[in-house]
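Please model the entire structure based on the sequences and the hints provided.
Just so you know, the protein sequences line up as chains A and B, in that order.
Residue 69 in this note's numbering sits at position 69 of the first sequence, with consecutive numbering throughout.
Residue 65 in this note's numbering sits at position 65 of the second sequence, with consecutive numbering throughout.
Hints may be right or wrong, so weigh each one.
Said to hold, decoys possible - Reference listing, derived: stretches of chain A covered by chain B, where coverage requires no fewer than 3 residues with Cβ under 8 Å from a Cβ of chain B:
#1 122-133
#2 187-197
#3 209-221
Said to hold, decoys possible - Counterexamples of contact, computed for chain B against chain A with all Cβ distances above 10 Å:
#4 Q22
#5 A25
#6 T100
#7 L140
#8 R143
#9 N147
#10 P191
#11 A226
#12 R229
#13 I232
#14 L267
#15 G289
#16 V312
#17 M321
Note that these hints are calculated values from the structure, not bench results.
Remember, it's a predicted structure, so these values are computed and weren't measured experimentally.
Heads up, the beta-carbon is just placed ideally off N, CA and C, and yes, glycines get one too.
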Amino acid sequence: MKRIWRIGAAAFAAAGIAVSAAGAALAQDKGTVYYLVPTLLDEFQTGSIDAIKKFMGDVGYEVIALDAQNRSDLQLNQVDDVLNLDADAVVLAAVDFDAIKPGIEKLREAGVPVMIFDRQITSTPSDLTSVAGTVEIGYTAAAEAERLLKEKNGEVKGKILQILGDPGDPYTLDIQKGFEEKMGAYDGVEIITHPAMQWEASNAGNIAQDQLLINPDIDLIFNHAAHLSVAVAAVLEAAGKKPGEIMMMSSNGAPVGLDLIRKGWLQVEVEQPMYAQAAALAMFADKIIAGEELTPGTYNITGLDSVLTIEDWGPNIKIPGAAITADNVDDPAFWGNLQPPTEPVSPVQ
Amino acid sequence: MANTQPTGALDNSDARPRRSRQLLAFVLDNLVWIILIIALSAFALFIPRFFQIGIFLNIVEQSTFVGIIAVGLSLTLIAGHMDLSIESVMALAAMLVALTFGTGGAGGGLVLSPSFLAFPVSLAMALGVGALIGALNGILVVRFEINAFIVTLAAYIWGRGLVVALSGGRSVYGLPDELRAMAIQRVLGIPFLAWAFIAVYVVFAFILNRTPYGRHLFMIGGNMVASNRAGIRVARNVILTFVLSGTLAGLAGWLLASRTAGATANLGIGMLFQAFAAVVIGGVSLRGGQGRLSGVFAGVLLLSSIQTAINVMGMRPHFTMMIQGALVLAAVLLDTAKNNIRRRYL
Numbered sequence: 001m002k003r004i005w006r007i008g009a010a011a012f013a014a015a016g017i018a019v020s021a022a023g024a025a026l027a028q029d030k031g032t033v034y035y036l037v038p039t040l041l042d043e044f045q046t047g048s049i050d051a052i053k054k055f056m057g058d059v060g061y062e063v064i065a066l067d068a069q070n071r072s073d074l075q076l077n078q079v080d081d082v083l084n085l086d087a088d089a090v091v092l093a094a095v096d097f098d099a100i101k102p103g104i105e106k107l108r109e110a111g112v113p114v115m116i117f118d119r120q121i122t123s124t125p126s127d128l129t130s131v132a133g134t135v136e137i138g139y140t141a142a143a144e145a146e147r148l149l150k151e152k153n154g155e156v157k158g159k160i161l162q163i164l165g166d167p168g169d170p171y172t173l174d175i176q177k178g179f180e181e182k183m184g185a186y187d188g189v190e191i192i193t194h195p196a197m198q199w200e201a202s203n204a205g206n207i208a209q210d211q212l213l214i215n216p217d218i219d220l221i222f223n224h225a226a227h228l229s230v231a232v233a234a235v236l237e238a239a240g241k242k243p244g245e246i247m248m249m250s251s252n253g254a255p256v257g258l259d260l261i262r263k264g265w266l267q268v269e270v271e272q273p274m275y276a277q278a279a280a281l282a283m284f285a286d287k288i289i290a291g292e293e294l295t296p297g298t299y300n301i302t303g304l305d306s307v308l309t310i311e312d313w314g315p316n317i318k319i320p321g322a323a324i325t326a327d328n329v330d331d332p333a334f335w336g337n338l339q340p341p342t343e344p345v346s347p348v349q
Numbered sequence: 001m002a003n004t005q006p007t008g009a010l011d012n013s014d015a016r017p018r019r020s021r022q023l024l025a026f027v028l029d030n031l032v033w034i035i036l037i038i039a040l041s042a043f044a045l046f047i048p049r050f051f052q053i054g055i056f057l058n059i060v061e062q063s064t065f066v067g068i069i070a071v072g073l074s075l076t077l078i079a080g081h082m083d084l085s086i087e088s089v090m091a092l093a094a095m096l097v098a099l100t101f102g103t104g105g106a107g108g109g110l111v112l113s114p115s116f117l118a119f120p121v122s123l124a125m126a127l128g129v130g131a132l133i134g135a136l137n138g139i140l141v142v143r144f145e146i147n148a149f150i151v152t153l154a155a156y157i158w159g160r161g162l163v164v165a166l167s168g169g170r171s172v173y174g175l176p177d178e179l180r181a182m183a184i185q186r187v188l189g190i191p192f193l194a195w196a197f198i199a200v201y202v203v204f205a206f207i208l209n210r211t212p213y214g215r216h217l218f219m220i221g222g223n224m225v226a227s228n229r230a231g232i233r234v235a236r237n238v239i240l241t242f243v244l245s246g247t248l249a250g251l252a253g254w255l256l257a258s259r260t261a262g263a264t265a266n267l268g269i270g271m272l273f274q275a276f277a278a279v280v281i282g283g284v285s286l287r288g289g290q291g292r293l294s295g296v297f298a299g300v301l302l303l304s305s306i307q308t309a310i311n312v313m314g315m316r317p318h319f320t321m322m323i324q325g326a327l328v329l330a331a332v333l334l335d336t337a338k339n340n341i342r343r344r345y346l
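Following this line, the structure appears as structure tokens:
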């Protein structure tokens, strides 16, 4: 009897392996793309894995994601590993924009095209960059901050608490750069900036709690990620504040941010168009892997008009981010609503 | 020649050095508290708007999570081991509670009737998962004789991995009001979180100093073989210590979920090293058998004060880490100096 069980189990396992291998072969009919994701401790990044797998799958590529655990050295090691794995292309969201440069050069020298996702790298050429632009997120946030301050104070003046992510992450520093560049035009605006070490939510809560005591006249809090806003909203609630009493905005468009908008704690969420960014890579993947040149122009990426330009660092497609407010929060196009486009994308001809 | 010196004068000359020695011993025993008072005074004097009751309450409230896991770490260190898993256990407990009761993100949105049951049930869940992982660590260390560093380092890694796997990297938010009560309510103007932090120290200081278990823990950490020969149940006590450490981490996780109204995959990251810093600054010996929770309490408050001062001043945060590192080094050097002074003068 035991033997029959064993044979049955072995047959079942073999069948399972055969089925999964067949499935993998089907998905791999064009090849394998490795996605080097900076961390899994961030909702945007984990969401981007699903999005890239889905869209690359639409155009016939299998995607294998490798987590760099927020370590630039580990990401460079992964580049070395991928070089030995016959990758057809690499999608890269860098931990560190500068540290990864030799890795990109190594991959391209070995004939592996490199597509940059979300985190723009301008120091070395790549085969395609698909971004909303981190500095541009700062610009969009600044435009919204101007609007909110004007609505509250009659003119663009007031006190802003800006809570960054980890100060070692160039992503947050770029947003800060864009935001402060635009807000610098207003003498009446004071910006108090503090980083939440390691993007840890309770650190953001602590900063807000301390700042509310020494700067009780803060008008607006700008958190560089939606998950930080949760802890800050929790602190505001514990301090007896009502939703909207102190205005708040954040960036990246995560589901948690959209929910805070619905509850009134958050007035604006600057979204990164994750689905479109991922779809753009898939739409151009065939051409990039075939070594064909990309034609500059405007392309419709999942409904968003996106401009492809040829920059010093290679083809660059910029997809417009959006400001999410209470008026448009339920728009399914926002990735934070977790309704990925059902229509498969097609390769650009 | 007869000694003509009056007896009273002899007593006085003896009393003076005795009093000096007592004073020296007091200073050495409470050095962290003295440093804390000096630091707070300096901050109050030189940092505008630092000196207000709200800031001091913030310092205590924000110390809660590192403070509670530091107690568990202290217990294991006093017992001659260590527990590196506390940070991940805390995050796991927070995530489990958030996944069960959170209404947003990856939360399951469990609603109990009557609703107040969410409070004890979630607390039991958090403490239970902490105790379970603590028991596993303890059994692996004691029964399988694997080094605690390795066992708990593994738990630190797989624990965080489990947090990411369970949540799929997604945030969880929207905890019911019953769970948020710990972060919102105050008693006598002091936040519940701060009361919880203080209560944990009072209870465990009592356990360490006034119960046979506590006394045995110091003996085990001081000399495990001798303790065994003296009839102390070393294995049972060490396993219990790991269970307590895990349970405290679970409690910290429950409070952290309440504080942040949910959980994220990176919740609490970096707190292990802060707890280690606080424990070392507080005078707990890494060699085992020595340590006082009052010192650890002061160490946690000192680190939190520095962090708050940096927040208030607007200083670059890199300085926090540099100051913490310098403080740990200074604490170790002070510990050596204290031992030398004790040997020479006391």
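Verification of the hints:
1. Under the rule that three or more residues need a Cβ within less than 8 Å of chain B, the assignment of the region 122-133 of chain A is violated, with 0 such residues.
2. Residues of the region 187-197 of chain A lying with their CB closer than 8 Å to a CB of chain B number 5, which satisfies the three-residue condition for coverage.
3. Counting residues of the region 209-221 of chain A whose beta-carbon sits less than 8 Å from any beta-carbon of chain B gives 5, enough to reach three: the coverage restraint holds.
4. No Cβ of chain A comes within 10 Å of the Cβ of B/Q22; the nearest lies about 39 Å off, and the non-interface call holds.
5. The Cβ of B/A25 sits about 36 Å from the closest Cβ of chain A, beyond the 10 Å cut-off, so the non-interface label holds.
6. Separation of B/T100 from chain A is adequate, the least Cβ-Cβ distance of about 17 Å exceeding the 10 Å criterion.
7. Interface exclusion of B/L140 from chain A stands, the closest Cβ pair being 25 Å apart, more than 10 Å.
8. At the 10 Å boundary, the C-beta of B/R143 stays outside the reach of chain A, the nearest C-beta of that chain being 31 Å off.
9. With a minimum CB-CB distance of about 24 Å to chain A, B/N147 clears the 10 Å threshold, and the non-interface call stands.
10. The Cβ of B/P191 does not lie farther than 10 Å from every Cβ of chain A; its closest approach is about 8 Å, which violates its non-interface assignment.
11. Every CB of chain A lies more than 10 Å from the CB of B/A226, the least distance being 42 Å, so the non-interface label holds.
12. The Cβ of B/R229 lies farther than 10 Å from every Cβ of chain A, with a closest approach of about 46 Å, so its non-interface assignment holds.
13. For B/I232, the shortest C-beta to C-beta distance to chain A comes to about 39 Å, beyond the 10 Å cut-off, and the non-interface label holds.
14. Residue-level check failed: B/L267 sits 6 Å from the nearest beta carbon of chain A, not beyond 10 Å.
15. Residue-level check passed: B/G289 sits 33 Å from the nearest beta carbon of chain A, beyond 10 Å.
16. Listed as outside the interface, B/V312 is inconsistent with that label: its C-beta sits roughly 5 Å from the nearest C-beta of chain A, within the 10 Å cut-off.
17. For B/M321, the shortest C-beta to C-beta distance to chain A comes to about 8 Å, within the 10 Å cut-off, and the non-interface label is violated.
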